[in-house]
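Chemist: Whole structure, please, built from the sequences with the hints as guidance.
Spelled out, the chains give:
There are 2 protein chains.
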Amino acid sequence: MMIGRLNHVAIAVPDLEAAADQYRNALGANVGPAQDEPDHGVTVIFIELPNTKIELLYPLGDDSPINGFLEKNPAGGIHHICYEVEDIIAARDRLKESGARVLGNGEPKIGAHGKPVIFLHPKDFNGALVELEQV
Amino acid sequence: MMIGRLNHVAIAVPDLEAAADQYRNALGANVGPAQDEPDHGVTVIFIELPNTKIELLYPLGDDSPINGFLEKNPAGGIHHICYEVEDIIAARDRLKESGARVLGNGEPKIGAHGKPVIFLHPKDFNGALVELEQV
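Quick note, the sequences are listed as chains Y and A, same order.
Counting from 1, one number per residue, gives the positions in the first sequence under UniProt numbering.
Counting from 1, one number per residue, gives the positions in the second sequence under UniProt numbering.
Heads up, a few of these hints could be off.
Copies of the same chain look alike in the list, so a pair counts if it fits in one copy or across any two.
Quick list of in silico lysine-lysine cross-link-like pairs, DSS-like style, CA-CA up to 25 Å [claimed, not checked]:
#	residue 1	residue 2
1	Lys96	Lys109
2	Lys72	Lys123
3	Lys53	Lys115
4	Lys72	Lys96
5	Lys115	Lys96
6	Lys72	Lys115
7	Lys123	Lys109
8	Lys123	Lys96
In short, the hints are calculated from the structure, not lab data.
Modeler: Set out below in structure tokens:
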């Protein structure tokens, strides 16, 4: 098992259009369109950097996993980082052996990019929420 | 002004060797040596990914800027993200015009990589601490 690229950094934001405008206008970034992801309870905007992406996350629906984060962090904040792996089952099993917990039922779900993903428990990873995506 | 590459994601950790071992052993990452940066009050370990770096941050000295963060987040957490820019003075001035505050006295300092850096106020950037580094 070998960790791959940093696929994206996700930032939860309290105002999606304001955040997109700021990246577009003040930083001159290449900002994509807003995309609703009802299966994940988020609306996302991707910012394309030369080497990776920033994912702006905004709640979609009352059950959005971002609601609680924004209640605790009303100004927003860095929500998670996503590493690419070649084989998500092998990665999961090696991480579980090392003592890291996988969130949810432990099985990969199909993520916002249509690829299998898992999330690791932040308490087992230096307080950082880590997503692994099979590419 | 055009934002460049994501230079690194910095993660503050409560146990530097344990965090390095986890990235090395459980994720199979390419982990560098610990480097003391007394001018910045941190000891850092860089993890080289194919497209960017993870910077593990640990306090060095009683005045370390990481001490307060770890008091609030004892398990650690994602501390900041660093974007590359070509001209840090032009970037700073454009950001100030847009209403974003620069931390400290507003002048670039020489960062951990020997390049000029500034930090932007998290409240002006979706709760995310953003470092700009001139490359």
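Chemist: Under the constraints set out in the numbered hints, which ones does this structure not fulfil?
Modeler: 4 and 6
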